[in-house]
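*Asks:* Please build the complete structure, drawing on both the sequences and the hints.
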Amino acid sequence: MTMGKPLTQCIIKLHEEHHNLEDYQGGVPRWCNGCGDNAILAAVQRLCRDENLTPEKTVFVSGIGCSSRFPHYMKTYGFHGIHGRAFPIAEGVKMARPDLNVFVNTGDGDCCSIGAAHWIHALRYNMNLTVILHDNHVYGLTKKQASPTSPVGLKSNTTPRGAVLEPLNPLTVTLGVANVSFVAQAVDWIPELMYDIVSRAFHHRGFSFIRIIQRCPEFLPKMFEPWLHDPGKTLLLTHRDGLQPGTDIGRIYKNQREHDPLDIHRAREIASEEDPIPVGILYRNPEVPCYEDLRNAGKPRTVEAIRRGLDAELDKFTIWPEEASQERAA
Amino acid sequence: MSETATLDRKQQAAGGGEPAGKAKPVVNLTEHIVEVISDSGEGAQRCGQSLASIAARSGNGIWTVEIIPAEIQPPARSVAGASGIRIRIGSRQVTNGGDETDLAVAFNEQVLLGRVRAGELKRGATILLEGMWRDHRDPSVVKSYCDTVEALRKDGFRVIEVPLEKECRSLMNDPRRGKNMFVLGMLCSIYSLDLQLARDQVALTFGKKDRSVIESNVRLLEAGFAWGEANLDFKYAIPAKRSTIPQVVTNGNTAIALGVLASGMDICAMYPITPATSASHYLSDCFEKVGGLVHQAEDEIAACAFAIGASYAGRCAVTITSGPGYSLKQEGIGLAVMAEIPLVVVNVQRGGPSTGQPTKVEQGDLLTTVYGSHGDAPKVVMAVSGIEDCFYSMITARKIAETFNMVVVVLSDASLATAQAPFPRPAFSEDWLAAPVDQSPLPEGAKPYDWDPVTGIARRFIPGQPGGMHTVTGLAHDRLSKVAYDPSINEEGMRARSLKLAALQKTLKTPPVFGDPEGDLLVVGWGSNKGIIEEAVERLRGEGLKVSSLHLRFIQPMPSGIGEILKRFRKVIAIEGNWGDRYEDELINEDNRRYTQLAMMLRARHLVDIDCWSEARGQPIKPGTVAKVLRAKLEEGK
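Chains as they are written, first to last, in my numbering: chain G, 1 to 330; chain U, 1 to 638.
Careful: at least some of the hints might be erroneous.
What the hints assert, rightly or not - Estimated spans, in silico, between C-beta atoms of each pair: (1) G:N20 <-> U:G445: 20 to 30 Å; (2) G:V28 <-> U:I489: 12 to 22 Å; (3) U:T625 <-> G:D311: 39 to 49 Å.
Note that these hints are calculated values from the structure, not bench results.
We treat Cβ as the ideally placed atom computed from N, Cα and C, and that holds for glycine.
*Replies:* Structure (structure tokens):
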């Protein structure tokens, strides 16, 4: 009998449709050559194939910005929304249909500036969404303005003499919010690790937040040069419950640190380290409840329940005709 | 000599509490307007709502208007802090709050002054005033009280001082908390309402509370009733016939919530805002029992976006708000228009712009809902005209939203939000609900925006449907939902979205004219002014004047046949609750006058010289005021 269960699963698997990469490839990306968004798209399409996600049961939701074009390049359902509002749109989708795989693609302007209020609350709702923050430290679609994550001194069209404000750190922000359940960081120039992290995020039930530091070859071509040339400037966070880099990666990125993703205090310390850039799972807590579960979302509704519910409510406000009220009293 | 003294003597003569009122002549009335006014927190509203319910149970027509101060805890004994309720009781159906008040009960002279100065009391009205202030330890209070009473009497009001607190003290430890039920009993005595019905109502009102709470409130009610019988020298009756069909008594916001429930909508996403929130309060209580859900979002924008997300995923959602919240949702509404996602938005209008008058009625959001968002954003705009309409409009709104894949805005207002009136109990119909979410596979080559060349309607693909994968976008897009780079595609989408309004318009009936189909003057109105305008028109028709009225429930699209109606009248005037420039202002002339909002729309569409009159005082317009305006309009140019 011990063989029974795996065997059944095996049979079902055989009947399931299998998908290849093309099944997830939508329109031809119109991002610039060398844009980090391309690497993220490749990793996500690979994830969909490896997880064999049903394309019609998968939705990518985005806001506005270069990165928010993402859904157009997938061959799943997609919702290219308005600036800053990807989170509440995705929450609505997930609440209505917990059966769908819902991803969110957002940029540093979309998430950390115009959508910052929604970001904080999305963390608190902890709905089961896989969230990718495409953080290139600059506004690209509107042609080079400083973003909340731009470094001090960045010369842009709105800061011609250099940005004056300290950048906002998306990792420390997320790790400071109640109900945070998954925070990770990846960089677009190490695709193997990015894939592992995206995959980990997908498998976490809750609001899985990945900040992916990405290059903008058009407006900040040299920004991450030092990190590209010096593997020592990348700090790999490893753990048996976190990343376990393969030998190839391990040989290049020797700067490694064991970090237990359940340790939020340590996660906060690591989050505030910016050089070397920490890459890996900073925090993961599978015990945080999801808002859609707390609210019993997705339960099927019946006509009878609505009829009974309405009648019960109307009873509270009804004045019955004399005969009827006497009958009811009897 | 104060009347209290007279009454006290009468009471003594009658031997204390023994009912002396049996011989009182009962004056029959066709209607009366009562106000109960107190400091905030003294329960005047509960008292008035209960009185209205008891009258409704007796078969009377009723309409309530809440008097709400802007603050939660305004200072006690202040003119601006008046909190209370107006109840209009009639032999027949009542559709509005009516003219000035006939009888007021006030818990102190300051809150009363607020109403007197606002001109809300009829000349010579009866005032039942808490008399305890005459003996207050603070001489300034005593002086203020005595001066006010004297002044009111001089102005012709009949002021009767009532020892409310004294009477309640023997029944309650904290008499301040019991006065309202004592007053309820007194009012039941005055209006010859059945004491047993009143007891039942008190039990219902306090139904959730402890048995002892109900009992002590019933004792207060009975004491108030007995006091009225023994001490007041007048008694009224407003004869009515009990309805032969079941009636529901709710306010407009509750009716909206019940409508949401009945429509089968799944999700209400909202953010707290006055005066819309009470609809969501009630819905929060009952929606989950039938599998629905109220999501309190982090802000108005998120509430709108959440509702759009849910609707996109196949479960039609509603977002309920008021003016400032509506402004915040405008960008999201544009997205729903562009992506053709069904969405129901309720805007319970309040005074504006900005924070304006949060608890007060105004009809200032018509143009912003019709033309709002940005770019060309055609959407359906309906305005509810009464409590019953609040209920059914939600069902209609959902149907339209999902049939046409459009945004439907339902406009209510602060007056309807809290006004109570009975309407026939709705009988649930399965037709109110939408079919289950379509998850059937789509044929090869199906396009997500396959706009019908005539109606502009396209079948919407819902996530989960195999073969329907596409990305909806707020960008201009083609039939495949691909970003439009070709200039002609932009117009193709615009045409389709606009045509849907025409397609809906073809299904709408021409609204009926109230009164004769032609005549000297037609009054046009919308929203909560319906009952007010029709009452004024009825009065003038009774005087033999050739006046009729037309009420618009659909503002966008506007039903056909309206132009013909307008042309059958010599003059047309719109009566609205939003600002319109007035010719008495020196600078205002035909060149620069800003017309009221519906007038502006009708003038533009029908090329008829429609005049307008409006009031934006934060109070429901009075039918008597409208009648006066209409008489003047008829006289104009004669």
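*Asks:* Hints the structure violates: just list their numbers, smallest first.
*Replies:* none
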